[in-house]
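Protein chains in written order, with my numbering: chain A, 690 to 903; chain B, 1481 to 1750.
No lab work stands behind these hints: they were computed from the structure.
Be a bit skeptical, because a hint or two may be false.
Said to hold, decoys possible - In the DSS-like style, the derived pairs of lysine-lysine whose C-alpha atoms are separated by at most 30 Å in a straight line are:
#1 B:1663 / B:1561
#2 B:1623 / B:1642
#3 A:807 / A:831
#4 B:1651 / B:1623
#5 B:1623 / B:1715
#6 A:719 / A:695
#7 B:1642 / B:1663
#8 A:831 / B:1642
#9 A:831 / A:719
#10 B:1663 / B:1623
#11 A:831 / B:1561
#12 A:831 / B:1651
#13 A:807 / B:1561
#14 B:1663 / B:1715
#15 A:719 / B:1651
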Amino acid sequence: MLVESKLDPKTAVVTEICAAGEPWMREIRKGQVFRILDLEGNQAVDTLFYNASDPEERYSAIDTIQRQRNLYLGVGTRLMSTEGRAMLTIVADNCGRHDTLGGACAQESNTVRYSLDKRFMHACRDNFMSAIQHDHDHGMNKRDITHNINFFMNVPVTPEGGLTFEDGISAPGKYVEMRAEMDVICLISNCPQLNNPCNAYNPTPIRLLIWDQG
Amino acid sequence: MTLYFSVSSVPSVVQDLRTYSKGLLMQVVSKGVPAGPVLWEETLPGGAHWSGVMRRGTALRFTDIEGGANVSALFWNFEEKSERYNMPDTLKAQHTAYLTRGHCGFSDMGRVMFSIVDDSAGWHDTVCGVIDDATMTERFGAKRFQENRNAMHRSGREGLLKEMGRWGLGKRDLHANVNFFSKVVTDAGGNLSLQPSRTPGVHVDVRFDMDVLLAVSCAPHPFVEQGTYGPKPVKITAWRAGIAAADDHCRNFRGENQRAFINTARYFAD
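Go ahead and model the full structure; you've got the sequences and the hints to work with.
Structure (structure tokens):
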């Protein structure tokens, strides 16, 4: 389902660019609306959320899938926590489908998926590691890096149980917008993967915007 | 007496073989089909939970004794428990949305934690998670020990957390689990539905390719409908399968699996 946002970027309280291949970490307060904008198209945005006051409670891909009995994320999806609570709700989306089965790329999974010599490349897991190593506020470590959302990524599953990474269905100017239902920490890796079509083999920047109210 | 079991039958009498020389048993090499001396066997009542260390080269047969069982399972590297089963890496590397014979379970470090060497059930869910207390209460009501005594009316999540606590693990160590014996299919729009299996006696054989800390719960799958609470018992049978041979089916299932086995071999300095 496609739902256009009525929010004006001029009234956003936060407008930041996350360059291609970089991490981004920030708190979003309950009631604020958060937009991820795909500036140049076909850019996978690997995203994790944590309860800002208790990061042990975090986004849970399996609980999100379980509660909505559907594999894909879109307008109306409540992003569920490990405690079975809604962390954010997707309220606008002009892309149409987002993934939460594909996980994040890592140097180690590169060796498995592509070739043993594809280890020494930038990867989302390294972005997550970098962000939490430099974050001294929340005491996070590798155990806290869990199964993420891939905004703008297209991972269709067939009735026979097949799963593939397909060309993105995103394009320049596509966005997804969500309302925070609790104070959350957002941790993003703007995916640097060069070995599959999730970024159209050309990672590009994204824009992050936050409004105080929807 | 040395007991062996074939695909079609599992012995009901189990001989404790710990007196056998470890060196002799380690020479058994897996050919993908279970063959080897049974180490031990246990029946988990419906709703019960269990955990244990499964050494590299051992295997477990899960048998759905009555039909309709569910086994929610989590896996960690026993030596470094921040390394754990990774559902997304497992699915995307093998281009599958479910698990069956030939598939391996990959860790977040690109290694093979386990292999499904035989499977008469055919489909094991790994995307729907585990049933929690809120869903249990909503579907089946809350039942306390005071009234129900030892009937295991407990959620899978609670069972897994109790087992994890035994090994120093907590909520931060929860990750996407496997639901053995539960088949969940999707339609073109991504809508999911549980396809109940009622075939008694189906089994899945899981070989451990690293030293794995395994935690399981026999609580119902989270999609089991209201009013049908009746978790089924599961028999677990351990044997020494040996490490994956060069011609092992799971090792050679895909190039991705071959490379993950190379990563595993490097870890163990094979």
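Quick rundown of the hints versus the structure:
Restraint check: the Cα-Cα separation between residue 1663 (chain B) and residue 1561 (chain B) comes to about 28 Å, which is no more than 30 Å; the hinted pair holds. Only pairs whose Cα atoms come within 30 Å are accepted, and residue 1623 (chain B) paired with residue 1642 (chain B) is accepted, the gap being roughly 18 Å. For the proposed pair residue 807 (chain A) and residue 831 (chain A), the alpha carbon gap of about 22 Å is at most 30 Å, so the pair holds. The straight-line distance between the Cα atoms of residue 1651 (chain B) and residue 1623 (chain B) is roughly 23 Å, inside the 30 Å bound, and the hint therefore holds.
Our distance criterion of 30 Å between C-alpha atoms is met by residue 1623 (chain B) and residue 1715 (chain B), whose separation comes to about 25 Å. Proposed proximity of residue 719 (chain A) and residue 695 (chain A) is supported: the alpha carbons are some 19 Å apart, at most 30 Å. For the hint linking residue 1642 (chain B) to residue 1663 (chain B), the alpha-carbon distance of about 26 Å falls within 30 Å, and the restraint holds. Pair hint residue 831 (chain A) plus residue 1642 (chain B) holds up; C-alpha atoms about 22 Å apart against a cutoff of 30 Å.
Only pairs whose Cα atoms come within 30 Å are accepted, and residue 831 (chain A) paired with residue 719 (chain A) is accepted, the gap being roughly 26 Å. Taking the CA atoms of residue 1663 (chain B) and residue 1623 (chain B), the gap is about 27 Å. The hint holds against a cut of 30 Å. This hinted pair checks out: residue 831 (chain A) and residue 1561 (chain B) have alpha carbons roughly 10 Å apart, not beyond 30 Å. A C-alpha spacing of about 13 Å is found between residue 831 (chain A) and residue 1651 (chain B), which places the hinted pair at or below 30 Å, so the restraint holds.
A distance of roughly 25 Å separates the Cα atoms of residue 807 (chain A) and residue 1561 (chain B); the hinted pair therefore holds under the 30 Å criterion. For the hint pairing residue 1663 (chain B) with residue 1715 (chain B), the CA-to-CA distance comes to about 19 Å; that is within 30 Å, so the pair holds. About 23 Å separates the Cα atoms of residue 719 (chain A) and residue 1651 (chain B), which keeps this hinted pair within 30 Å; it holds.
Violated hints for the displayed structure: none, as all numbered hints are satisfied.
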